[in-house]
Every structure is written in structure tokens, then in C-alpha cells.
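*Asks:* With the hints as your guide, set chain B onto chain A.
Chains as they are written, first to last, in the UniProt record's numbering: chain A, 1 to 394; chain B, 1 to 394.
One or more hints might be untrue.
When chains are identical, the list treats them as one kind, so a pair holds in a single copy or across two.
[To be verified] Result set (DSSO-like, lysine-lysine): computed pairs, CA atoms no more than 27 Å apart in a straight line:
1. K391 x K335
2. K70 x K54
3. K299 x K35
4. K144 x K3
5. K306 x K317
6. K35 x K23
7. K23 x K391
8. K257 x K13
9. K292 x K61
10. K120 x K257
Think of the hints as simulated: they come from the structure by calculation, not from any bench. Keep in mind it's a predicted model, so treat the numbers as computed, not measured.
Number of protein chains: 2
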Amino acid sequence: MLKVNENFSNLTKSYLFSNISQKVNEFKANNPDKKVISLGIGDVVLPLCAPVIKGLEEGVKDMSAIETFKGYGPEQGYAFLRDVLQGYYKEFSVELNTNEIFVSDGAKSDLGNILDIFSKDNVVLIPDPVYPAYVDTNVMDGRKIVFMDSNISNNFLALPDYSVKADIIYLCSPNNPTGAVYNREQLTKWVEYAKEMGAVILFDAAYEAFISDESIPHSIYEIPGAKDCAIEVCSLSKTAGFTGLRCGYTVIPMELKCGETSLNELWLRRQSTKFNGVPYIVQKAATGVFSKEGRAKTKEVIDSYKENAKVLGAVLKEMSIDYIGGENSPYIWLKCPNEMSSWDLFDMLLEKANIVGTPGVGFGKNGEGYFRLSCFALKENVIEAAERLKKLQF
Amino acid sequence: MLKVNENFSNLTKSYLFSNISQKVNEFKANNPDKKVISLGIGDVVLPLCAPVIKGLEEGVKDMSAIETFKGYGPEQGYAFLRDVLQGYYKEFSVELNTNEIFVSDGAKSDLGNILDIFSKDNVVLIPDPVYPAYVDTNVMDGRKIVFMDSNISNNFLALPDYSVKADIIYLCSPNNPTGAVYNREQLTKWVEYAKEMGAVILFDAAYEAFISDESIPHSIYEIPGAKDCAIEVCSLSKTAGFTGLRCGYTVIPMELKCGETSLNELWLRRQSTKFNGVPYIVQKAATGVFSKEGRAKTKEVIDSYKENAKVLGAVLKEMSIDYIGGENSPYIWLKCPNEMSSWDLFDMLLEKANIVGTPGVGFGKNGEGYFRLSCFALKENVIEAAERLKKLQF
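Excised from the complex, chain A in its bound form (with noise of 0.2 Å):
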């Protein structure tokens, strides 16, 4: 008789996203005349640049012809774009073999997939507030789950407590919800704990590309030591665009082991045996981000969300409203006015100003009080959003 995974039955229905829709569309059918701006949802708006589009129509060229038709690619990526990342690495001084990179689908696949190769038996420590697929994911396996706070007295940048044993540890940085970046002084911290414990951190390095300050490391692997205690999953969504394009990249050092056992060839069995590589045209793409040209045109976009940030930034400072975030990330959160909760906030702001936004507790306890906005918007919506916020009386 068939049993499945019971597992999943310990996964809390997820009300977030579908909450906020349900909302967001009962307010549009009493409101039709209303304009709705969305600062929910962390997805991108601008159109893929010149030189990715360049990139996939020479993919869809090669894919028509008989002499230069693709079929099965190599499952951990083409040489011809993992030789592009090794490149991008030696930017933040980090060396690595080409064999170390894995290009995937996305980051969403990769953390979720890459639990296949660890024992149901770690610990897991997930930073609260948290994107929530890495509860789920654990969730799913059974593993036991440590929160760890992340709220307003460590900027939301929680630090490893000895007295907490794991063995395997969540970071993203810039970090998602909170938009709080960690500094090299913080990450070297995280790795000494994660050798001190025998963990492997997971560094969810997604929103990178956001980073202006030149002190904060890009990568895990700036910090000295992580290559053997750390792997890092990385996106296109947010640096160029690619949500609806699909293309990440996943790195696992050499050093990188468990007693005799490299996690690198554990990865790449795992993904020769349930993954045939992300589609020709999308690598030919993801090798446009990575030209002159493409650094260029996807710093513009970056720049462009950022500014955003500035806008709504510069009304929550006159509204002398709290927040973190922004400068080196996508994300701004905000500290609700009057001691609000998460949710009437986010009615408020629908009802009085017609913007969606995401209530922080939809990312866990600690974000009971905080608010996101996502800047990734267009600049006249964010403009117009900024005017409607300085009118709101709290």
C-alpha cells in the first residue's frame, strides 16, 4: 500500500501571497476606478536588456539549424558560460575551478534540491524573519528546524550563538525580507561557528548584483576559510531580470567535505541523475548579462530599482518612519507606525493609498510589526506611491 511522505502534512498552508491576492482583488472589484500600485511581490518589471535578448536570439538561431543544433547539454552547464562566472568570481578575488560551478534553473531549485544530498538527521538554523521555501524545504524532510531572531536589536542581522549546535545554516545577504546586508567582520564570524560546528552554511547570495557598498562582500567565499564550510546559490533573477527566463548558478568548492565525502561530487551525481541542464538559449542569455555591454545595461536597471528605494526611502524618513534595507538591496523594511500590526498596516496602505505591500509577519515572528516594500517598480508608480504615502495621517 502506498504511503507518501507524511511530512508534508507538518507543512503550515502558506496564506501569505494568497491572502494579499485576495485581498488586493476584492479591494479592485468595490474599487474599479482606483489605481493600485503594487510594492508587493519581489518581482522584476523591466524587459530583458540588449545584449540578453541578443544572446537568446543567436540561441534560437543555433536551435533551427542542422549544423548547429543543441540537444543534451552538459547537466552542470556549458563550459562556455561557467568559464563567464568563474570570470565574474575573480572580480570579488574569488579563484575557482569551473568544476566547481553548476548552472541551474534558478536559486528556488537549487536550495530546495540541494537538501537531497544531506541526512534527514542536521539541524537546520533559519534566520527568522526568512523566504519562507527554506522552512518548507526542511519541513518536507523532516529535519528539525533552530530559529534564530533576527529583529531590530541585531539590525536584523542575527549572530551565531555557540550555545545553538547546527549543522546546517541559512544566510542571505542582502538579506530577504529585511534588505540587512552582513560585513565581512559579521560573515567571518558565521564561518568560524560553521567550522567550529561542523556545518555547511548555505549562502543565499540572490540579491548580490544589489550591493553598492565596496566594503560588503558579494560572495561567501571573500571571507577567508569559507570555501570549506560554505555553498553558495546564486540567481539572474533579480541581477539581470531573469524570473521568467529561469537561470542561477550554484557553487561548491572542492574543499568543501564531509569526513572523506566532497559535497561537489554528491551535487553533481544528484543533478546528472534528476536534471538535464537549463535550456541552450537561456545559457546563451545568461553569457549576454555578463558582457561589457550586459554589466553595463543591468547595472542601469539595478540603478533604476535603487532609486526607487531612494524615493520611497526619502518619504519614510519626513514620515519619520523606521526602516532598514534599500541601499544594498531591492527591499525596504519598515518599521509600522504606531506599534500597527503587520496586517492593518497593509489594509491601510490598500485602502488610504491604494498600494500593496507584504506584511512582515508573512515571513515569520520576528517580522510581527515590520512591513516590506519591494522597489521593484516602475520609477512613475514609485513616484506617485511616494505622493500618496506623505498624505496617509498615522
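*Replies:* Chain B alone, transformed into the frame defined by chain A:
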């Protein structure tokens, strides 16, 4: 202290394709003047057809403009593609709801990832010879595997043995590697067995488009009662040359339950948590496959591969070499002449005829003494290969 998934240490190293490529590379280095013809790996060689390229081009254009740009799509696939797939199933008189269809990046991913929703305690029934990923993905999870013999006595179409208890059953028809196909009566027996066991059938229909015989089911759901005991996994890789473009689909009917638990709901949760959908442009391309012109063009391509099978089949017959497959499948499965071993025939074909095939033993113990020829090759190469075969003396 981090612990890895110890089940990985129970994987047998897969030497099959690395051994093949090593032998081929060695031969080529020693015989630079010889033209080696590959009938080995099951990868397509003909380019994407015009309606698919058109879908890609439209998609790329959409992604380049702000008004039509697409970010995150639905994890289970765009409605426009699921509608088309629903229509395709109607041709086999199979009625599906669109929320029973999940668009994926290919059968390999889905066949591996679907195991997330099942307990590790299930007993898995797998035919031998077999696509090696069925075995490896279950070894990774530590599930008990029971093999069923496919051999000449059952025309390489194993049928249920009620003395064997199983919870998860793999069926692949048309079969890789043997090219054998189950008829309606045989599939009905499997559905009856699955119901008796309370088991689920994972039906791999990746080669369904190669079926010529009108009496052979394309979908397991053509069998009455299959909807509450079978998951179907399909792919455009072989249907439309998508091996490098990556698109497939998995069907989980609403009727399919394990106790009170809907498997469709579990899979939706798994995919929403660990997957971000297939690139929009690839889904546009996939839609092109099912247009009227797309159907005609992909049929032409499949017919040309099956023409190859006819050419090879004719010469094998002339040489009095027994084989099956090739009629409803791109694979020919031949009995090695004179009791040769699979690898001895491989060596002989490479050295004497400069033809690369796949030794049957690479697919399991019942494959020993057999050999797979893939018909995914250019017609002129197949004709030349046939000429060379004819001259061989066994």
C-alpha cells in the same frame, strides 16, 4: 556535525556512457581517418521545426519590451500551454482538467523529483532492463527496489506477478531501451495489479509520439480506472526535439489519492516550494508543437527517425539477427549474434564497422547479450551504417 545522505554511497558508479565515450575517443585517436557513426545515445539530431522556432521568437520579443515582459510565471505552467495539452489528451479520449497537468523542464526532473512526495518506506517495482535513473533516484532515497524481469520469454514486456508486493511501479512504454510497447490488454493488467496492491504506477510516456500502431495506448489514462492509480510523465524531448530546450509535463489526476491525501495537492506544494516554472519562451515554443503546422512538422521528423529504424531493421533481418522495437519506438533492441556479450558486440561494431551503439547490459542484467541501436541520426549516416553492417561476418 554535518551528515550527508548516506544512501548516495549505495549508488553504483555508472560507467556505461563514460566507458563508451572513452572507448570511442580512443578509437578515434588511433583511427583519425575513420568516420564513426553514432547510434548510441538517445539524443535527437534534427533541429527545432518552424512553429517551435516561431514560438521562441515571439516569446523573445515579448521579453524584450516592457509592455509584454513576463516575470515569474505560474509554477505549474502557463494556462495557454496547459489548455493545449488538455486538448492533446482529448485526441486519446482522455479528459483532463488543466489543474491536473503540470508543465516541467523534462521527464528526468519530474521522475526524480516526484519521489519527494512518497515515503521512503515504499517498495518500488522496476523492470530490468531499464532507464538507470529510475533505480538511482530510489537508491538515493533508500527505498527497497524489487526488479521484474523483462526478457525474451515475455517479449521484454514484464507483466504483473501477484506474489510480488509493490507500492510504486515504473512502467515505460514505448520502452527505453527495448523499444517494446504494451498493448491495451497488458496495461489493463498493470492497472488491475496496482489497484490490488494500493500502489501507484509512474508511467513514463516520453516516447508516446513514436507509436504508429493505432491499437496501442499513448496514455495510461486510456485504460479505465487508471486515473486513480497512475501518474503520467511525458516530455517533448523526443516528440519535438526538445532535449536542449527542456519541456515536459506530468499528469496527476484529482482522483489519485493515498487515503485522504491528494497526490496532486502534494505535487503542487512540492513544485511551488522547489520550482519556479519553465521559461515563458520555452512554453511558447511548446505551444508551437501542438499547432496544426507543429503537429505536421513534428510528425515528419518522427517519421524520418522511424524511417531510419526501418533501414536498420531491414538489414538486421537480412543478416538473420533477431530484434524487437523500431516500429513504435526510436530504439532497436537486438540479440547479439553468436551468443556474444553486449560489450564484445560493442567492440566489434566500433572496430569493424565504426558504429557506436549501447551495450544492453548497461541497462541491467537482462540486457546482457542485447544491444541498443538508436535511430536518432541523420538518414545518410543510417544508410551508411546499414551498408557497413551488411558486410560484417559473424
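*Asks:* Hint by hint, note whether the structure agrees.
*Replies:* Evaluated hints:
1. For the homomeric pair K391 and K335, the shortest alpha-carbon distance inside one copy (18 Å) is at most 27 Å, but the shortest distance between copies (82 Å) is not.
2. In the homo-oligomer, the alpha carbons of K70 and K54 lie at most 27 Å apart both inside one protomer (18 Å) and across protomers (17 Å), since each shortest distance falls under that limit.
3. Taking identical chains as interchangeable, the C-alpha atoms of K299 and K35 are never at most 27 Å apart, the minima being 30 Å within one chain and 49 Å between chains.
4. Both within a single protomer and between protomers do K144 and K3 lie at most 27 Å apart by alpha-carbon distance, with minima of 22 Å and 13 Å respectively.
5. In this assembly of identical chains, the alpha carbons of K306 and K317 lie at most 27 Å apart only when taken from the same copy (16 Å versus 70 Å across copies).
6. For the identical chains of this complex, K35 and K23 are intra-copy neighbours only, at 15 Å inside a copy versus 66 Å across copies, given an alpha-carbon limit of 27 Å.
7. In this homomeric assembly, K23 and K391 come within 27 Å of each other (Cα to Cα) only inside a single copy, at 22 Å, whereas the closest approach across copies is 75 Å.
8. In this homomeric assembly, K257 and K13 come within 27 Å of each other (Cα to Cα) only across copies, at 19 Å, whereas the closest approach inside a single copy is 35 Å.
9. For the identical chains of this complex, K292 and K61 are neighbours both inside a copy (22 Å) and across copies (22 Å), given an alpha-carbon limit of 27 Å.
10. Taking CA atoms no more than 27 Å apart as the test, K120 paired with K257 passes in both settings, with 18 Å inside one copy and 26 Å between copies.
Violation of the numbered hints given earlier is confined to hint 3; every other hint is satisfied by the structure.
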